[in-house]
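Chain B is fixed; fit chains H and D onto it per the hints.
Residue numbers (my numbering), protein chains in the order written: chain B, 246 to 642; chain H, 31 to 199; chain D, 17 to 133.
Every clue listed holds true.
Under the rule of at most 27 Å between Cα atoms (straight-line distance), these lysine-lysine pairs were calculated in the DSS-like manner:
id, chain 1, residue 1, chain 2, residue 2
1, D, K48, B, K331
2, D, K127, B, K573
3, B, K335, D, K48
4, D, K47, B, K331
5, B, K335, D, K47
6, B, K303, B, K331
7, B, K335, D, K53
8, B, K556, B, K303
9, B, K573, B, K556
10, B, K335, B, K303
11, D, K53, B, K331
Calculated from the structure, these hints are not laboratory results.
Just so you know, these numbers come straight off a predicted model, no measurement behind them.
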Amino acid sequence: MDFLKDPLKVAADWLLGIFSGWGMPDLWAQVLIGFLGIFILVALLMVLDIFLVWIERKVVSRFQSRIGPNRLGPFGLIQPFADIIKLLIKEDTTPEGADRTLYNLAPILSMMSVLILWAVVPLAPSILGVDLNIGVLYIIAAGAIGTLSIIMAGWSSNNKYSLIGAFREAAVMLSFEIPMLTVMLIPTIFAGSMGIGAITQAQDTWNFFLAPLAAVIFLIAAIAELGRSPFDMGEAESELVSGYNIEYSGMKFGMFYAGELLHAFTFGGFWAILFFGGYRFFGLEQVSAFLAIAILFFKAFIGYWIIMWVKYTLLRIRIDHMLAFNWKFLTPVAFVLLMTTALMNALLADASNWLYIGGMFLSNILVAWISLEVARSASRWERERVEGTGYAARRTE
Amino acid sequence: MTVDQIIFLVIAAGTLIAAFRVVTTGNLIHAAFWLIAALFGVAAIFAILHASFLAVVQVVVYIGAISMLFIFAVMLTRKDMRDQGPQLNRNWGFGAFLAALAFAGLVFLVHGWSGVAKTASAFPSDFDAVGALGNALVSPDAYVLPFEVASVLLVAALIGAVYVAYNRK
Amino acid sequence: MSSWVYIGLFLLVGLIIPVGAIVAAWVLAPKKSNPIKQTTYECGIETVGDSWVQFKAQYYIFALVFLIFDVETVFLFPWAVKLNSLGMFAVIEGIVFILILIVGLVYTWRKGMLEWV
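Bound-form chain B, shown alone (with noise of 0.2 Å):
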């Protein structure tokens, strides 16, 4: 029964155990049982990678009425090891005049930015992983490595797509972060942490019900800083070709590749961790930590799911309009939203729970309502100006 509840630990036990009597000094032991435990944990990720793989061509071609890879194996689920001996096997070619060791350092970070989120991520109720009381921020530190990773790609292959590619992908990433920062702190107002474990015990009611608004706003600004459709500016198809990663080949590509959709599934998860209680459902998540693992997996499948639809469903956004809806919408919204929940939780703190949900559901509806209706009258008044009718055009004259 031990082991159900809390695996790792019994695990670690079993571990220390073996080599405390091999002579081993405590400490060094527990440093090499955090060392295999953590490898196992990103050999185990990668390997989901891989199935990635295969979900999302599978998804997008329904999306788009095909079926999709389906010759190699039942539904083709070996496509995507056949996918990985034709990365391992391909040459690698370096182009002429790059800056080597960025451009080799580049994908690796890419890659790291991505596996390390994973430290912070609470599994079970048992497995907080590193349960740091600053979890939140370090979600954001990783993100500026991956940022970094861009810009060392683009920057390194001597190429004009690339760079152009990485600068457009590194400004839409900059200035989404600003949104995304400020609602989180709006789960950290709920939990009174910054911790992602604490964030997720605390959510006894889920924070999507406290604060819908502010999901939406991560989703979106998750997105764009995932570099996804539509905020795809970094490796613009249809006019940088591939963007920073043009000149990758091989498996250096595959770094990339594989890092995005590592992490959109991570995003999916700390999106149904921030908003959703992660692994919580209804006291399921006590019964067995595979249980808790199983419950935040499926979420941050759906998250995952959603970022696909969207991502298969809206076109392409031109940069300017990108980041003028990021700063003249979004951060404006996010602040409103930021200062209204402060001042609801404040006012309503000794009110019954029941009242507390309602005026904070509410209360996020009538903010999305108002900037909604006043992003319509801008466009309004900016439509009347151009076509040159109306009372803006009036004014102006």
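Here is chains H and D on its own, set in the frame of chain B:
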């Protein structure tokens, strides 16, 4: 020597080497990346000191924002980013003298301070550093005014930057 | 043991696995390079001029605005952590803090610095 000390020495040496490379490398973008490495080393030192919040803020603000600003600035100002200008100017001797003097002064000061040989008392296991920081920032009897003034300072920086950029058009 | 040890281990493993994959590919892949293969890609045309060109100032402005707001939100995190226990006074303070920065955003906006020209 304890394991902690060895880890500290390795990270500190790496930080110093990176910082040295920032000023010796001829390629501006390489200098920017070496600077990022040095800043990352500082973040690691914060982490060793159990200053988790500072460590992460170091990465978010310095690596995530300021170094990006540097890279964009290099892109903006240099036609050729492999610019190979002279590494030293006429005043390098005086600069080196000032640096040595400042270092000697620091060594003297730290040597004279009684706290240098003491071991700092460990934090209690349930110590909430971020919470304490939050309390300090917003309690009326602590740092409320500096907290608000910081906001004004940031706005002043923003307006100043916008003004300079605006006039250049 | 500090939890940062595990973060350090994560960084280490996060480096080892992609390096391992790339080294494996380097061992397995053929190496038949020639000058044509190594030219930079530009839709079949030869590259004109240097790739490392000067960029427009707008990127810099956005990075600058981003930096200011980044620092601001980082300031707000300790505030958010303690908000529940500090009461109305802290809420008002935070709102004043944010409003002052929104003034900065509005100024930047009015000056047309948020346009991608």
